[in-house]
Amino acid sequence: MFVISDEMKITEKIVEMKGTDRLKRGFAKMCKGGVIMDVVNGEQAKIAEDAGAVSVMALEAVPADIRAKGGVARMADPQKIKEIMDAVTIPVMAKCRIGHFAEAQILEALGVDMIDESEVLTPADEEDHIDKRKFTIPFVCGARNLGEALRRINEGAAMIRTKGEPGTGNVVEAVRHMKLMNREIAELKKMSEKQLKEKAKEYRVPLELVKETRDLGRLPVVNFAAGGISTPSDSSLMMQLGADGIFVGSGIFKSKNPKAYAKAIVEATMHYDDPKILAKVSEGLGEPMEGIDTSKMDEKQKMQIRGTD
Amino acid sequence: MKIGVVAVQGAVSEHVEALNKAMEELKIDEKAVYVRDVKDLNDISGIVIPGGESTTINRLMLTTGMHERIIELSEEGLPILGTCAGAILLAKEGDEQIKQTNTVLLGLMDMKVLRNAYGRQVDSFEADVKIPEIGNKPFRAVFIRAPVIERVWGNTKVWAKHKNTIIGVKKENILALTFHPELTNDLRIHKYFIKMVMK
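Top to bottom, those sequences are chains A and B. Quick note: the first sequence uses the working numbering, first residue 1, plus one each step. Quick note: the second sequence uses the working numbering, first residue 1, plus one each step.
Please note: incorrect hints may appear among the correct ones.
[Claimed, not checked] Pair ranges (Cβ atoms, derived):
1) N42(B) / K280(A): 35 to 43 Å
2) E133(B) / E212(A): 30 to 38 Å
3) D43(B) / P220(A): 28 to 36 Å
4) R204(A) / D43(B): 34 to 42 Å
5) S45(B) / Q240(A): 42 to 50 Å
6) R120(B) / K259(A): 22 to 30 Å
7) K259(A) / D43(B): 36 to 44 Å
8) G111(A) / G107(B): 25 to 33 Å
9) E193(A) / S45(B): 41 to 49 Å
10) I71(B) / T308(A): 49 to 57 Å
11) R218(A) / D186(B): 56 to 64 Å
Treat the hints as calculated values from the structure; they're not laboratory data. The beta carbon of each residue, even a glycine, is placed where N, CA and C say it ideally should be.
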């Protein structure tokens with residue numbers, strides 16, 4: 001590790017700023033076009049890194065297992081997170097419960113590179129999300145629509161991802177959320193000043209943020225797809241719908257051949273608009289993870305309904 | 001003149017936009033292009049290797065064949081700008097992390113790089129740095145999980161420093177930076193590179 005001594009800091013008097021919006025959003029931008037993979041130990045993390053993942057999400061269990069197990073799902077054991085951080089050189093993310101700022105403080109102290117304030121874990125606060133501006137490290141949050149996304153950005157999220165429906169291996173909910181967000185952003189373009197004010201009120205965010213989104217024609221932060229993506233073609237689909245990158249939760253390590261799936265999804269994310277390459281990387285991968293038909297799910301079983309305010 | 005940005009992963013659109021703005025200000029009627037395949041390299045006059053994850057970019061540059069082709073084109077004098085991960089890949093020598101991840105460096109510059117040398121994201125920082133080559137006004141340099149250039153030799157020369165660390169190096173047609181000029185609105189470095197391409 002390179003060390004700058006205190007003596008140098010004093011004599012040179014150069015101010016270094018940490019934890020700025022630019023650094024947080026910048027980190028998220030460096031993940032663009034890449035795949036972030038859920039892992040539960042160092043060995044899986046290494047497989048992800050070797051396959052070309054841009055980052056790994058350190059977890060106690062993948063969403064499919066969390067769903068099957070039931071009960072209260074919490075932040076992973078710090079020992080587990082440290083094991084994963086030691087195993088790879090790429091950034092490591094970890095999840096905390098919605099509103100659980102103490103878990104987030106612990107994750108920041110551990111030195112994870114980004115925190116996912118995630119509906120996959122059992123929410124800790126039904127009223128408020130974490131005030132993410134108080135932290136030096138960046139946060140990613142899930143959203144089903146533009147209102148949720150802008151509220152999270154207003155709280156300081158540096159990256160948004162669709163919620164989809166985690167642990168189902170079914171991409172339909174992620175598609176729904178991405179298309180809805182795109183549509184709602186497109187609608188802003190046609191709105192009068194008065195209508196924009198009403199939208200800002202409805203979304204409970206400052207008017208400037210709504211206008212910024214309208215002017216950009218996209219979210220002001222990176223927007224990834226997550227929740228049910230389990231094959232190379234799922235990844236291509238989400239990228240073609242406008243995602244900046246991909247989270248794969250259970251899809252890799254619940255498949256029959258994690259190494260092959262991991263590599264194929266990385267390549268599919270880069271070549272998302274080249275069907276010939278997609279055909280090649282999809283070949284002979286073996287069985288994907290088993291899926292769940294989300295239309296037959298009880299509303300209460302859905303993780304996406306958590307933390308919508 | 002056609003400048004390309006290696007578009008396999010990372011902050012690609014940021015470089016394309018910065019190059020386009022810089023060319024507009026320099027009154028050059030051209031647009032930067034996304035290089036997604038080895039054949040896209042055929043008719044370009046300058047290339048940017050952006051920031052992102054060096055391990056990911058490296059693997060995808062190898063599978064697409066861009067890795068080999070960029071080495072060939074560099075020998076023919078193609079101007080190259082590498083930022084952060086891009087700078088790492090340009091180096092001849094790396095550290096333990098580079099060995100551990102089986103990263104294959106392009107090896108185009110006589111320098112040794114250390115990955116994530118300032119620490120993790122919590123240690124990422126921005127600071128005003130002095131770069132005499134682009135003028136007296138300080139440049140806002142953004143360091144994200146940045147590498148450090150430990151040393152240079154041969155024809156590779158120090159181009160910029162922050163405190164006691166080397167943050168920019170140049171060798172004839174190649175410029176490597178450990179920070180992200182594409183994340184600020186200051187276009188001086190992109191303009192400097194465009195002028196390298198025009199020479």
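Evaluated hints:
1. A hinted range of 35 to 43 Å is violated for the C-beta pair N42(B) and K280(A), which are about 23 Å apart.
2. Checked against the hint of 30 to 38 Å, the C-beta distance between E133(B) and E212(A) comes to roughly 34 Å, which is consistent with it.
3. The given range of 28 to 36 Å is respected by D43(B) and P220(A), whose C-beta atoms sit roughly 35 Å from each other.
4. For R204(A) paired with D43(B), a C-beta distance near 51 Å fails the hint of 34 to 42 Å.
5. Remark: the range hint 42 to 50 Å for S45(B) to Q240(A) is contradicted by a beta-carbon distance near 31 Å.
6. Checked against the hint of 22 to 30 Å, the C-beta distance between R120(B) and K259(A) comes to roughly 26 Å, which is consistent with it.
7. In this structure the hint that K259(A) and D43(B) lie 36 to 44 Å apart at CB holds, the actual value being about 37 Å.
8. Between G111(A) and G107(B) the Cβ separation comes to about 31 Å, which falls inside the hinted range of 25 to 33 Å.
9. Distance hint for E193(A) and S45(B): a CB-CB separation of about 46 Å, consistent with the stated range 41 to 49 Å.
10. Taking the beta carbon of each, I71(B) and T308(A) are about 51 Å apart, inside 49 to 57 Å as hinted.
11. The supplied range of 56 to 64 Å is broken by R218(A) and D186(B), whose beta-carbon atoms lie about 23 Å from each other.
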